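Kindly generate the complete structure, drawing on both the sequences and the hints.
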Amino acid sequence: MEFDKEKAWNNIQGRIHKNQHKDKKTNRLLSTLIAILIISGSFSYFLLKHSSNAPQLITVTTSAHEIKTIVLTDSSKLILNGNTSVSYPAQFENSIREVHLLSGEASFAISHDASRPFHVWYKESKIEVLGTYFNVNTYSPKVYVTLKEGLISFHHGTFQQMLHPGQRLQFS
858 MEFDKEKAWN NIQGRIHKNQ HKDKKTNRLL STLIAILIIS GSFSYFLLKH
908 SSNAPQLITV TTSAHEIKTI VLTDSSKLIL NGNTSVSYPA QFENSIREVH
958 LLSGEASFAI SHDASRPFHV WYKESKIEVL GTYFNVNTYS PKVYVTLKEG
1008 LISFHHGTFQ QMLHPGQRLQ FS
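Residue numbering for the sequence shown follows the numbering used here, beginning at 858 and increasing consecutively.
Don't read these hints as lab results, they were simulated from the structure.
Note that the coordinates shown come from a computational prediction; the quantities given were computed from them, not determined experimentally.
Backbone N, C-alpha and C define an ideal beta-carbon position, used for all residues, glycine too.
Keep in mind that a hint or two might mislead.
Listed next, with one range per pair, are the computed distances between beta-carbon atoms [what the hints assert, rightly or not]: (1) E1006 <-> I924: 17 to 25 Å; (2) R973 <-> T883: 53 to 61 Å; (3) V928 <-> I953: 16 to 24 Å; (4) L894 <-> H1021: 53 to 61 Å; (5) P912 <-> T1015: 27 to 35 Å.
Now the structure itself:
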């Protein structure tokens, strides 16, 4: 029996090519499945992270001659004058207590909690409180912050001012 080298070589080449083609198909399929898993996992993580952690915000607005008192979950009180709007989370997180004064005038009686400072935001300005009573008036183009009891720290950009009882700060 005679050995045909060329036929044997072609046979080996055919098997190698066939196996390479199968490997390419398998690799392509695995790569596609891995990409789908990564994309769906990332999407699921994004949805869980941003939907479950986003605090539910409450917005309260008063009419022209209405005065409304709001008691927050930490027992702090907000007294809203007419034409005033505030927003705050339905439940304060562990270390953050924040209220956003959107417009108008409000008085704040803040429950003391040294481990959880209270922040009142108006646009880019922040009033930091540990436990006190103060008023913020935004009716005119100028904003007035009047401290009645306690101590507050007012921040606007790089400007910072401590207020003591009886002091009033004006800014625009």
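Taking the hints in turn, this is what the structure says about them:
A hinted range of 17 to 25 Å for the beta carbons of E1006 and I924 is consistent with their spacing of about 20 Å. A hinted range of 53 to 61 Å holds for the C-beta pair R973 and T883, which are about 56 Å apart. Between V928 and I953 the beta carbons are some 18 Å apart, a value that agrees with the proposed interval 16 to 24 Å. Take L894 and H1021: their Cβ atoms lie about 60 Å apart, and the range 53 to 61 Å holds.
In this structure the supplied range 27 to 35 Å holds for P912 paired with T1015, their Cβ-Cβ distance being about 29 Å.
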